[in-house]
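Protein chains in written order, with our numbering: chain A, 13 to 342; chain B, 411 to 713.
It should be emphasised that the hints constitute simulated quantities derived from the structure, not laboratory data. Hints may be right or wrong, so weigh each one.
Partial pick of chain A residues on the chain B-facing surface, computed with a CB cut under 8 Å [what the hints assert, rightly or not]:
no.	residue
1	65
2	94
3	98
4	156
5	159
6	172
7	192
8	195
9	278
Anything over 12 Å on all C-beta distances counts as not near chain A; from chain B, calculated [claimed, not checked]:
no.	residue
10	479
11	524
12	548
13	572
14	654
15	670
Covered stretches of chain A (in silico footprint by chain B; criterion: 3 or more residues with CB under 8 Å from a CB of chain B, positions within the stretch not fixed) [to be verified]:
no.	region
16	67-74
17	108-119
18	146-155
19	197-204
20	280-291
Ideal Cβ positions, reconstructed from N, Cα and C, are used throughout, including at glycine.
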Amino acid sequence: MSAIQSDRREESADRLDGPAPAPSAGRRRGLAVQGRYIPYVLILPAVVTLVGVMLYPLIRVILLSFQNVNSYLKLAVPSLDRWIGFDGFSKVLSDAQFWQVVERSFLFTVEVVILSVGLGLLFALLLNRVSPWAKIFVVTCLMFVWAIPALVTGTVFRWLFAGIGGVADYICYLLGGSGMKNHDWFANPTQGLYVVVAASVIWGALPFLVLGLNAAMTQVPKELVEAATVDGANPVQSFRHVVLPIIRPFLLLCTSLSFIWDFQVFTQIWSLRQNSPEPGYWTVGIYLYEEGFTSSHYSNSSVISVAMILLMLAVLVAYIRQVVKIGGQG
Amino acid sequence: MADYVPAKAMPDRLPAARPSRSGRKPGQSRAMTGVWNTIAVVFGLVMAFPIYWMILTTVKSNKDLLTQNPTFWPSHFTFTSYHTVFADPDFLNSMKNTAIITVGSVVAGLAVGFLAAVAVARFRFRGRNPFIVAILIVQMVPLLSIAIPLYIVLNKAGLYDQYLGVIIAYLVFTIPYVVWTLRSFIVNIPIELDEAAMVDGCTRWGAFFRIVLPLSLPGLVTTGVYAWIQAWNEFILANTLLSSNDKRTSMVWLSFYSSDPTHGADYGAQMAGALMVSLPVIILFVIFQKKVASGLTAGAVKG
Numbered sequence: 013m014s015a016i017q018s019d020r021r022e023e024s025a026d027r028l029d030g031p032a033p034a035p036s037a038g039r040r041r042g043l044a045v046q047g048r049y050i051p052y053v054l055i056l057p058a059v060v061t062l063v064g065v066m067l068y069p070l071i072r073v074i075l076l077s078f079q080n081v082n083s084y085l086k087l088a089v090p091s092l093d094r095w096i097g098f099d100g101f102s103k104v105l106s107d108a109q110f111w112q113v114v115e116r117s118f119l120f121t122v123e124v125v126i127l128s129v130g131l132g133l134l135f136a137l138l139l140n141r142v143s144p145w146a147k148i149f150v151v152t153c154l155m156f157v158w159a160i161p162a163l164v165t166g167t168v169f170r171w172l173f174a175g176i177g178g179v180a181d182y183i184c185y186l187l188g189g190s191g192m193k194n195h196d197w198f199a200n201p202t203q204g205l206y207v208v209v210a211a212s213v214i215w216g217a218l219p220f221l222v223l224g225l226n227a228a229m230t231q232v233p234k235e236l237v238e239a240a241t242v243d244g245a246n247p248v249q250s251f252r253h254v255v256l257p258i259i260r261p262f263l264l265l266c267t268s269l270s271f272i273w274d275f276q277v278f279t280q281i282w283s284l285r286q287n288s289p290e291p292g293y294w295t296v297g298i299y300l301y302e303e304g305f306t307s308s309h310y311s312n313s314s315v316i317s318v319a320m321i322l323l324m325l326a327v328l329v330a331y332i333r334q335v336v337k338i339g340g341q342g
Numbered sequence: 411m412a413d414y415v416p417a418k419a420m421p422d423r424l425p426a427a428r429p430s431r432s433g434r435k436p437g438q439s440r441a442m443t444g445v446w447n448t449i450a451v452v453f454g455l456v457m458a459f460p461i462y463w464m465i466l467t468t469v470k471s472n473k474d475l476l477t478q479n480p481t482f483w484p485s486h487f488t489f490t491s492y493h494t495v496f497a498d499p500d501f502l503n504s505m506k507n508t509a510i511i512t513v514g515s516v517v518a519g520l521a522v523g524f525l526a527a528v529a530v531a532r533f534r535f536r537g538r539n540p541f542i543v544a545i546l547i548v549q550m551v552p553l554l555s556i557a558i559p560l561y562i563v564l565n566k567a568g569l570y571d572q573y574l575g576v577i578i579a580y581l582v583f584t585i586p587y588v589v590w591t592l593r594s595f596i597v598n599i600p601i602e603l604d605e606a607a608m609v610d611g612c613t614r615w616g617a618f619f620r621i622v623l624p625l626s627l628p629g630l631v632t633t634g635v636y637a638w639i640q641a642w643n644e645f646i647l648a649n650t651l652l653s654s655n656d657k658r659t660s661m662v663w664l665s666f667y668s669s670d671p672t673h674g675a676d677y678g679a680q681m682a683g684a685l686m687v688s689l690p691v692i693i694l695f696v697i698f699q700k701k702v703a704s705g706l707t708a709g710a711v712k713g
C-alpha cells in the first residue's frame, strides 16, 4: 500500500516537472531528438518475450478452441487438424459436467472471497486496536504463513484433515463432536471442497489480506476517527463513514484479486487430492487440466480456457481499471 | 467473532469528550485492550498452528503419528523422517533443479525487466501507456489457460522438458512484476543525476548503467527476492513443462512423493519434505521481511 501511495506522489511530481524529455521540453530537446529510439530499444526484450510466452500462446488457445485437436496424434501431425468452427464450443457447453464445474467454481469462489476478505477486514481492524506486542506477534505468525508455498499448504492440510491420525478430527472430538474421530473429510466432495480446500485457500490468503488492509487502514488519519467519535458516531458508524471510504480502493483491489485467484484455484486441490482429484472436486482449473493433459483433449481444454477467461473478464477489467486509477497512469 | 472497531466499551450515547489517558483513544479501556489482545493472540496461534503441526510431525516417531489421539508434543524426538527424505535420491536433485530454474528466471527477469522499467520511468513515448496496461493484463491472465499452448510451443522449439523452457515460461510472471515495481524505484532517482553524468561526457546508455543501475540496486534486490519466491513456489507450469524424473522441481517432487504408494501414508516424511522445500522461501521471508511484505502488497500478485 505504501508503495502504491508513494507511486501516486511520484506520478504527480512526474507530471509537474516532467523528467521525461518530451520533445517540447525546452532545454532537453537535443537529447530527446537524438534518443527517440531509446525507449523502444529498452522495452524490446520485454515485448518480444511477452509476445512469445503470453500473446502467442493466448492466440494459440483461441485458435485451438476452433480446431479438433483432441488427441496426441493430431497434435503431433498437424495435417490431421481441421477447423470445426463453434462445434467444439457447442460440444463442451452442452456437456452437463461443464456447467456443474462452472457452478461449483463460482460457489467456491464466492464462499472463499467473502470469508477471506471479511475475515481479513476484521483482523486488520483488530490489529489497529491491540497492543504493540500483540500486533508484532500476529504479524510474525502471518509472515510465516505467507511464506508457505501453495503446494505445501495443500500437503499440510491433507495431513491436518487426515482420516487416521489427523489432528482436525481430534480437535473436533475434544470440542465435543464425539463422532468425529477418524472422520473422513474427503469422502464427501462437498465437504472436502467447501470446508477443507476452502480452509486451506483462506489460510493462505489471509496474510496478504490482513497485512494489506491493515496497511491501508494506517493511512486513515487518527483525527478523523476521533472527530467522528466525538461527534457521537458509534464504532460501526465511524468505520462505515470514515475508515471504509479511505480504504475502499484497496478493498476493491483485493476483493477482485481474491476473486481472480480463487476462481482459478488449482494447486491446493491438486495436492489435497494427491494429484488425482475426484470429479466432485473439479473446479474450472482442474477440469481444463484433466481435459488437456490427462485426456489429451487439447481443443476441448482450450474451449474451457477461453470460457474461464471470459467468465473472469468482468472482474479482470474492474481490477485493471482500479490499478490504473490508483497508479495514476491514465 | 471480533466486533468491528475499537471502542465497544463506550455506551452509544455517552458524550465522548473524556480525556484520553496514557495515549489511548477516548473509549478504549484497558480491559477491552486485554480482550482484543487475547483474540489477536488466539488468531495468531490458529494461523501458526498448521506450520507448528508440520514441524512437529517431522520429529514425531511413527508410533506417535498413528495413534488415535494425536499428541501436541512428541513423546520423544526422532529424525528418521529427515533421513527418509534425504535418502530419496530425487529430493536433493529436485532442489538443485529448482535452484537452477529459479536463478535463471530471476536473472533473466531482472535484466529484461530493468531495461523496460527504465524506458517507462524515464521516457514519455508513444505506446507507453498501452505497454503499461499490457503489463498489467499479462499479470492477470491465468497461467493454467496458457499451459497447453506453452507446452505446444516449447515442444516445437525443442525446449519441452528442458530447464531453459521453464525459465522462459517463468518470465511471463517475473517480467511484469519487475517492470511494475522497479518503475517506481527508478522514478525516484533524480533525472538530474543522469543529466549531470551526460554533461560530464557519459552517453545516455552510460548514464543508465553507471547511474540508474547502481542506484536502483535496492529495488533490484526487492523485486529479485519476490521473483525468487514466485519461481520457487511455482507448481502448475513446472508440472506441465517438465516430464523426466531427474528434471522435476522440488514442488513437483513433493507432489509425487506425497502421492506415491510407498510414502502416501508416511506423513512424517511428507512433512519433512514439505518443510525442506519451503525452507529457502521461509528464510528469504525472514531476512527480507519488511521489504517483501510491502513489495508483495504493492505488486499485489501472489498466486
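Numbered hints the structure breaks, given as an ascending list: The structure breaks hints 2, 3, 7, 8, 10, 11, 12, 15, 17 and 19; every other hint is satisfied.
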